[in-house]
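Enquirer: Quick mapping for you: the protein sequence lines, in order, are chains A and B.
The opening position of the first sequence corresponds to residue 1 in the numbering used here, with each subsequent residue numbered one higher.
The opening position of the second sequence corresponds to residue 1001 in the numbering used here, with each subsequent residue numbered one higher.
Treat each hint with caution, since some may be false.
In the SDA-like style, the derived pairs of lysine to any residue whose C-alpha atoms are separated by at most 20 Å in a straight line are [what the hints assert, rightly or not]: (1) A/Lys82 to A/Thr151; (2) B/Lys1082 to A/Arg48; (3) B/Lys1052 to A/Val34; (4) A/Lys52 to B/Gly1141; (5) A/Lys182 to A/Val34; (6) B/Lys1082 to A/Val125; (7) B/Lys1052 to A/Arg48; (8) B/Lys1082 to A/Lys182; (9) A/Lys82 to B/Asp1038; (10) A/Lys182 to A/His120; (11) A/Lys82 to B/Gly1141; (12) A/Lys182 to A/Gly71; (13) A/Lys82 to B/Lys1052; (14) B/Lys1082 to B/Val1022; (15) A/Lys82 to A/Lys52; (16) B/Lys1082 to A/His120; (17) B/Lys1052 to A/Pro32; (18) A/Lys82 to B/Glu1041; (19) A/Lys82 to A/Val34; (20) B/Lys1082 to A/Met1; (21) A/Lys52 to B/Asp1038; (22) A/Lys52 to B/Lys1082; (23) A/Lys82 to B/Arg1048.
Source of the hints: derived by calculation from the structure; they are not laboratory data.
2 protein chains.
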Amino acid sequence: MRAVFVTTNESKRREAQRILGVELERAAPDIPEVQSLDFAEVATHKARAARKALGSPPYPVLVEDSGLVVGAWNGLPGALTKWFLGSVGNEGIIEMLCGGDRGARAVCALALADTHGAVHVFEGVIQGEVAAEPRGEEGFGWDPIFVPQGTRLTYAEMGEDKHEDSHRARAFRQLRVWLEEKDGQEA
Amino acid sequence: MRAVFVTTNESKRREAQRILGVELERAAPDIPEVQSLDFAEVATHKARAARKALGSPPYPVLVEDSGLVVGAWNGLPGALTKWFLGSVGNEGIIEMLCGGDRGARAVCALALADTHGAVHVFEGVIQGEVAAEPRGEEGFGWDPIFVPQGTRLTYAEMGEDKHEDSHRARAFRQLRVWLEEKDGQEA
């Protein structure tokens, strides 16, 4: 089996290929994302649009959307996390919490458009909290401000350990199970 | 001349028709909006998509996008204002300002897709600030927390006076001037 993973990030592709155990090509068509706080909704639209942009290829098209959900903010920033990062940054997100409840979750939605155009969604979630200040040099995006439950380290301080059980790893593991079951049915 | 105004809000249509002095029909095709902080970008995409959804009609298709830009937030919430309102509400926006600089501007972008499919954008801006607490019963959305420069009233406390010189009125007046010049050229 082969599939195409829509991402501009080569390290994401490698990591995904390692977890899934299938050959993943990388493609980066320019797909505008729809406005929503909901990861699954954004990823689903993106998977459909990417499949169309790639000319409905004879193999599955995989996309990812991920971000941070602050409990006290009732869904924000959610699938709009990148706009928070791009405008106020990690420091700004902490300032906007204004000393209130820092409970948050990290979410990754994978959407796979199959060769019939049907979209299957797999969501991985890690509970945790926003750090009191950005810490750590590894990773990217909001990694310096997310502390998963059960540790005091931010994603950006965990290095490779992050990949053991991140929101993204959980979503990819669900997809792997689904692919294995599907292979079993087809065999 | 006639045009179609894509809005679910009948009072917006009436107001727009009054300012423009042209007959506006209302249509409400279900158009997902693209993720961006930028009003003109969101409105431009929406105008193209709406024109397509309406079957490229032989008259202009007009759409609107509006919201609040908080100076201290470097573009946020911008064209994503409705997601802030839907999750944390007006009270939440004030809390997230955390006692900091409340300077803000109200922005309305109108995008008109003409009968050739070209899109023309008109933007109206009003400087002001976010109120210390929501006040007033008129209007909708973030009207209770926006205080235009030169007054102490929120949009929601101004009643009909709001329409005299709002971000939306300014955008529609620009469009009116453009339509009049265009009419002059064609005559």
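Enquirer: Hints first: check each against the structure and report whether it holds.
Expert: Quick rundown of the hints versus the structure:
1. Simply put, A/Lys82 and A/Thr151 have alpha-carbon atoms about 25 Å apart, too far for the 20 Å limit, and the pair is violated.
2. The hinted pair formed by B/Lys1082 and A/Arg48 fails the criterion: a straight-line CA distance of about 25 Å is larger than 20 Å.
3. For the hint pairing B/Lys1052 with A/Val34, the CA-to-CA distance comes to about 17 Å; that is within 20 Å, so the pair holds.
4. Restraint check: the Cα-Cα separation between A/Lys52 and B/Gly1141 comes to about 36 Å, which exceeds 20 Å; the hinted pair is violated.
5. At roughly 30 Å between alpha-carbon atoms, A/Lys182 and A/Val34 are farther apart than 20 Å, so this suggested pair is violated.
6. Simply put, B/Lys1082 and A/Val125 have alpha-carbon atoms about 25 Å apart, too far for the 20 Å limit, and the pair is violated.
7. Note on B/Lys1052 and A/Arg48: the hinted pairing holds, with a Cα-Cα distance of about 18 Å set against a maximum of 20 Å.
8. Our distance criterion of 20 Å between C-alpha atoms is broken by B/Lys1082 and A/Lys182, whose separation comes to about 40 Å.
9. Of the supplied pair hints, the one linking A/Lys82 and B/Asp1038 holds, its CA atoms being roughly 14 Å apart against a limit of 20 Å.
10. Proximity of A/Lys182 to A/His120 is assessed by CA-CA distance (about 12 Å); at most 20 Å being required, the pair is judged to hold.
11. Of the supplied pair hints, the one linking A/Lys82 and B/Gly1141 is violated, its CA atoms being roughly 24 Å apart against a limit of 20 Å.
12. For a cut-off of 20 Å, the pair hint linking A/Lys182 to A/Gly71 is broken: about 35 Å separates their Cα positions.
13. Restraint check for A/Lys82 and B/Lys1052: not satisfied, since their Cα atoms lie roughly 29 Å apart, outside the 20 Å limit.
14. Restraint check: the Cα-Cα separation between B/Lys1082 and B/Val1022 comes to about 29 Å, which exceeds 20 Å; the hinted pair is violated.
15. With a C-alpha separation of about 24 Å, the suggested pair A/Lys82 and A/Lys52 falls outside the 20 Å cut-off, and the hint is violated.
16. Among the hinted pairs, B/Lys1082 with A/His120 is inconsistent with the structure: their alpha-carbon atoms are about 28 Å apart, more than 20 Å.
17. Taking the CA atoms of B/Lys1052 and A/Pro32, the gap is near 17 Å; set against the 20 Å cutoff, the hint holds.
18. With a C-alpha separation of about 17 Å, the suggested pair A/Lys82 and B/Glu1041 falls inside the 20 Å cut-off, and the hint holds.
19. Between A/Lys82 and A/Val34 the alpha-carbon distance is near 13 Å, which keeps this suggested pair within the 20 Å criterion.
20. Between the alpha carbons of B/Lys1082 and A/Met1 the distance comes to roughly 42 Å, so the proposed pair goes past 20 Å and is violated.
21. For the hint pairing A/Lys52 with B/Asp1038, the CA-to-CA distance comes to about 26 Å; that exceeds 20 Å, so the pair is violated.
22. For the suggested pair A/Lys52 and B/Lys1082, the alpha carbons sit about 29 Å apart, so the restraint of at most 20 Å is broken.
23. With a C-alpha separation of about 25 Å, the suggested pairing of A/Lys82 with B/Arg1048 is violated against the 20 Å cut-off.
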